[in-house]
Each structure stands twice: as structure tokens, then as C-alpha cells.
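All chains should be built: construct the whole structure from the sequences, respecting the hints.
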Amino acid sequence: MKFGIVTFPGSNCDYDAYRAAVDTLGEDASYIWHKDHDLQGSDVIILPGGFSYGDYLRPGAIARFSPVMSEVVEHARKGGIVIGICNGFQIACEAGLLPGALLRNASLQFVSAPVTLKVENTDTPFTSGYETGALIRIPIAHGDGRYTADESQLDELENSDRVVFRYVNERGEITPDSNPNGSARAIAGIINAEGNVIGLMPHPERALDDLLGSSDGLAFFESILARVAA
Amino acid sequence: MKTWRVSVHITPRRGILDPQGKAVEGALHSLGFENVREVHIGRHIIIENEAVNADEATIAVKAMCERLLANPVTEDFEIESAAER
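Residue numbers (this note's numbering), protein chains in the order written: chain A, 42 to 271; chain B, 139 to 223.
Don't take every hint at face value.
Keeping only pairs whose Cα atoms sit at most 35 Å apart, straight-line, the calculated DSBU-like set for lysine-lysine is [to be verified]:
#, chain 1, residue 1, chain 2, residue 2
1, A, Lys76, A, Lys43
2, A, Lys76, B, Lys140
3, A, Lys119, A, Lys43
4, B, Lys200, A, Lys119
5, B, Lys200, A, Lys76
6, B, Lys160, B, Lys200
7, A, Lys76, A, Lys119
8, B, Lys140, B, Lys200
Chain A stretches covered by chain B per the calculated footprint, using a threshold of three residues with CB under 8 Å from any CB of chain B [claimed, not checked]:
#, segment
9, 95-109
10, 144-150
None of these hints come from the bench; they were simulated from the model. Here a beta-carbon is modelled for each residue, glycine too, at the ideal position from N, C-alpha and C.
Here it is in C-alpha cells:
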């Protein structure tokens with residue numbers, strides 16, 4: 042399987058994503074420059090974290106018009122897997138691949154910390170390796186992660202099991218303190234209706250080794266491998 | 139073709155939490171401006187755009203707002219009348 046990691050000007054988690062594919066999974070991966078129009082035969086596209094275009098205007102607003110994004114959107118339309126992590130989630134929302142938007146954290150603070158997530162849906166290509174309801178530790182690092190959508194959209198996401206990850210406390214409860222950015226309904230990650238595009242603010246690619254605090258991100262990448270290989 | 143200067147105000151949609159506005163509201167209260175009821179913080183964008191007339195310039199800027207300048211999920215925009223430069 043081949044991973045394609047899109048590098049925008051200002052991406053800073055592209056190397057971590059590359060390392061997750063190549064070192065952790067032992068798969069092939071390429072960097073794809075945002076100005077290219079070639080996904081280089083990638084099966085899985087990762088829109089990595091960072092600050093594309095300096096977050097000018099709104100995070101992801103300008104990157105979503107980068108030349109490569111027309112191929113990324115086409116890849117998603119054909120059922121190809123697209124993963125938007127952090128800034129990649131913001132780009133995916135701006136591009137219309139996922140509903141809603143990510144706004145400035147309610148605290149107005151940039152938050153860089155490990156958080157506890159509850160895996161709400163394991164019937165996705167990204168979470169089949171987790172137990173339903175599993176509590177996992179994954180770091181976040183963002184200033185604009187407050188997931189927002191209108192009420193009917195939020196209801197639709199919940200009713201169709203498209204909320205994949207939620208911010209919870211260590212007992213699995215949703216409390217104001219366990220929600221690091223004020224996201225609506227404590228949403229940390231969602232998938233599209235077809236189930237092939239995921240966006241999440243936490244960084245599973247930074248949680249692949251116990252030496253670095255957590256290996257709970259491993260199952261995220263192993264799930265993708267299992268699904269695409271199947 | 140003439141050059142028209144068009145101002146756009148982009149503000150958080152009402153009902154969506156605006157933490158910057160809330161923070162400034164609190165600061166204004168603590169300075170003694172007790173009558174402040176709400177503060178909303180957005181962006182002011184000035185575009186100089188070539189067009190045959192003011193209407194055309196405004197129509198173009200509206201399209202820019204819808205495609206890029208404002209996020210239709212979370213923001214509203216208001217276009218000020220175009221002025222010839």
C-alpha cells in the first residue's frame with residue numbers, strides 16, 4: 042500500500058506522517074508537493090498537520106485551493122481514503138470533504154497536551170483495530186480546533202454514527218474540563234457519509250511509541266492497512 | 139474599466155460562540171464601559187478590483203466572499219458600496 046503525504050507551505054507534521062507509514066507500518070510513502078497534480082499512485086492520502094499558508098484568512102482556507110487539492114477531492118470522490126489530521130482536518134472541512142468548520146479554541150489558548158479520546162465508532166477504515174468505547178491517549182496541538190456545525194448537521198453526524206472520536210476524561214465522561222477546545226458535542230474526529238474521509242484534530246502519528254508517551258495511535262494506522270489490504 | 143475599492147466586513151455568525159468578542163467585552167466592562175452588551179470581532183478586507191461599474195465590482199466581491207473570503211458555515215459578510223479609486 043502506498044501513502045501520499047501532501048506537503049503545503051507551512052505543513053510541519055508531514056515527516057511524522059511519513060514516518061508512521063514507512064517506519065511504523067513498513068509501507069511505501071511519498072511526499073506530494075501541493076503544487077503538483079499527481080498523487081503518485083497513492084492509495085491513502087494524508088493531509089498533515091501544520092500551519093499551511095500561515096493560517097492566513099482562516100486555517101485551511103487557502104490550502105484548500107492548492108493545485109493538488111483537485112486531485113485529492115477526486116480521489117475521495119472515487120472512494121479513496123483521505124485522512125486529515127489537525128490542519129489537514131481544517132483543510133478537509135474548507136474543501137467540503139467534511140461538514141462543519143474548526144474555529145478558535147474557546148479558551149483562546151493554543152493547547153498542546155495529551156488528551157483522552159473515546160472511540161465512538163469502530164466500523165470505519167480508521168478504527169477497526171480499536172474496541173468500541175476504547176479510551177485512548179493521543180496528543181493535540183492546535184489553536185483552532187473547536188469543531189462547529191449547525192445543530193441539524195450535528196444531529197445528522199450523531200444519528201449516522203459519523204462521530205468517530207470524542208474528547209472525554211479518564212473515566213470516559215464528557216465534561217467541560219475534558220473538552221480542550223470547546224468543540225460542539227465534544228467532537229474530536231468525524232468521517233464523511235461514505236466512510237472514506239476522516240478528519241481529526243488529535244495526532245495519532247505522534248502516538249506510535251510508548252517512549253514518546255503513548256502508542257495508542259498505532260491501531261489507527263494498522264486499521265487502515267487491514268482495510269486497504271482486505 | 140475602472141478600479142473600484144470595495145470593503146468587506148466578515149463577522150462570526152450570531153449564535154456561534156465568539157471567544158475573542160467575549161474577552162474584549164469583559165475587558166471593556168472592567169474599564170468601566172458597563173453599557174457594552176455584546177462585542178463581535180471579525181475581519182475587514184479591502185479589495186481593489188477592476189470593473190466597468192460599481193455594480194460589477196460589488197458582484198465580483200460577493201463571489202469572492204462566497205468562494206473564499208467568508209466561511210459559509212460560521213461567518214456572515216457585508217459588502218460596503220464600491221468607491222471609485
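Tested hints:
no. : hint                : in the structure
1   : A:Lys76 / A:Lys43   : 20 Å, holds
2   : A:Lys76 / B:Lys140  : 33 Å, holds
3   : A:Lys119 / A:Lys43  : 17 Å, holds
4   : B:Lys200 / A:Lys119 : 32 Å, holds
5   : B:Lys200 / A:Lys76  : 27 Å, holds
6   : B:Lys160 / B:Lys200 : 29 Å, holds
7   : A:Lys76 / A:Lys119  : 21 Å, holds
8   : B:Lys140 / B:Lys200 : 18 Å, holds
9   : 95-109              : holds (count 5)
10  : 144-150             : holds (count 6)
The structure agrees with every numbered hint stated previously.
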